[in-house]
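Student: Construct the complete structure from the given sequences, taking the supplied hints into account.
There are 2 protein chains.
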Amino acid sequence: MKLFSFWRSLATFRVRIALNLKGLKPEVEFVDLIKGEQCSAAFASVNPLMVIPALIDGDGPPLFESLAIIEYLDECYPRPPLLPSDPKGRARVRGLSQIVACDAHPLVVPRVRNFLQHELKLDEASRMKWIHHWITEALKALEAHLSRDPRTGRFCHGDEPTMADLCVVSHAAGAKLFDCDASAFPTVARIVETCLEIPAFADAHPLRQPGAPKAA
Amino acid sequence: MKLFSFWRSLATFRVRIALNLKGLKPEVEFVDLIKGEQCSAAFASVNPLMVIPALIDGDGPPLFESLAIIEYLDECYPRPPLLPSDPKGRARVRGLSQIVACDAHPLVVPRVRNFLQHELKLDEASRMKWIHHWITEALKALEAHLSRDPRTGRFCHGDEPTMADLCVVSHAAGAKLFDCDASAFPTVARIVETCLEIPAFADAHPLRQPGAPKAA
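Sequence order for the protein chains is A and B.
Residues 1 to 216 (the working numbering) are what the first sequence spells out, left to right.
Residues 1001 to 1216 (the working numbering) are what the second sequence spells out, left to right.
If you're looking for bench data, these hints aren't it; they were derived computationally from the structure.
Among the hints, erroneous ones may be present.
To be verified - Restricting the straight-line Cα-Cα distance to at most 27 Å, the calculated cross-link-like pairs of lysine-lysine (DSSO-like) are:
#1 B:1035 with B:1214
#2 B:1035 with A:25
#3 B:1140 with A:35
#4 A:88 with B:1129
#5 A:121 with B:1129
#6 B:1121 with A:129
#7 B:1129 with A:129
Tutor: Written out as C-alpha cells, the structure reads:
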C-alpha cells in the first residue's frame, strides 16, 4: 500500500488518521504542494485533479478523494469501524464529514488560495477574510449539529471515533493553521481535544509529519 | 418522506435523480434560494448549514448533504444499486462523485457567489472567470478519469447508472447554466447524453421543476 502525502494537506491528515486507527502502515511518497509537485506529469497520471491524497492498494489503480479512500479502507479493513451500523447514523456521520470535506475545506485549499491571489488579484486581507469566513461557517454548522443531537457522545457520533471525527479534527487543525478563532464552538473543541489524546490522531497531525516546520 | 428542494439547486438535482431511479416519490417542500428562504429560522432548524437538499425519512431527524442522502437511499432502497459491489469500484464511483460534490460545486454555489460579490466586491467578469475556472477544472479531471479507465462503460462506471452519473449530470447542467464551454470533454458529453435519455434523469432536471424559468 502506498500513500501520496504532504505534511500540510488536511485531506491527507484525515486519511492518515484512518490508516493509523486501522493499524495500516503504507509506504509514503511525499508530494510537495509548496513546490507544486502535484502538478507534475508523473503525479497527474496518478490523480488527474492533481490534488492529494491518493492511495494505491495492491495492484491499483490509484484511489482518490479523501472520503472515498476512507470508506474504501473501512470496507476492506473493517476493524475498528469508522461508520456506525445503522443507515441514519451512517448518513449523519457522512453528512458531518461532508460539511468539512465538501462545504469548507475545498474553499481554502492551495489551488483556490492561489487563484484568489494570482488570478483575481485579491490582497492578503481579502484572502484571509475569505478563509476565516468559510472555516467559521463550517464550525457554526458543526457546533449546531453536535451540540443539539443526542447521538453526539464523547466523539461526534457516540463514544467511538468515526469518519466525522477525522474530518472535524482536520478542520480544527486548519482553523488553527489560519489563526481562526474557534473558541465559540465548545462541543467541537471538546471532541477535538478528546481525539488528539489518541495516538492514532496525534501521530497523524500535520505538524508531526516529515517536512513540517519545527515550531507550530 | 419529505424532500427540501429548489429548482435551481444542483445538489438537489442529484438527489431527485436517485429518488426517481428508485421509484420513490417524497412530498416536496420548496425552499426558494433566490428569496433566501434557506436562511430562515425554520429551515436552519432542519439544516444548520442552511443549504439544500435535506431529506426527512420516517420520523427523522433530517438528513443533509447530497452524497450522504444518496448513500442513505442506496442502503435503505437498494434497487437499483447506485454503487458497484466491489470496494475499488465503489471507491472510484465515490471519488468521481466527490470531484463534483467536493472540489467543484461548493465553489460556485449561491452563498459563495454572494460572498465574492458583496464581501470581496468582485465584478461580474471576475466572478464568471472564477465560476468557469472551477467548472472546467472538474470537467478536465472527469474527462481524464473517464476516458482512460477501462471501467468506464455506457455510464461512468460500467453499463448501469451509479452515483457518479448523478454527479456528472448535475455538473454538466451547472456548466450549461453558466455558459461554460464543455465541448472539449467528449466522454463526459456522451455519458451525460446517455443519462438524459432516461426519464429518471430528465424528469429531475432543474428546468423541469416547479418555479423554473419557462425558457432554458
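Student: Could you tell me which of the numbered hints above are not met by this structure, giving the numbers in increasing order?
Tutor: 2 and 4
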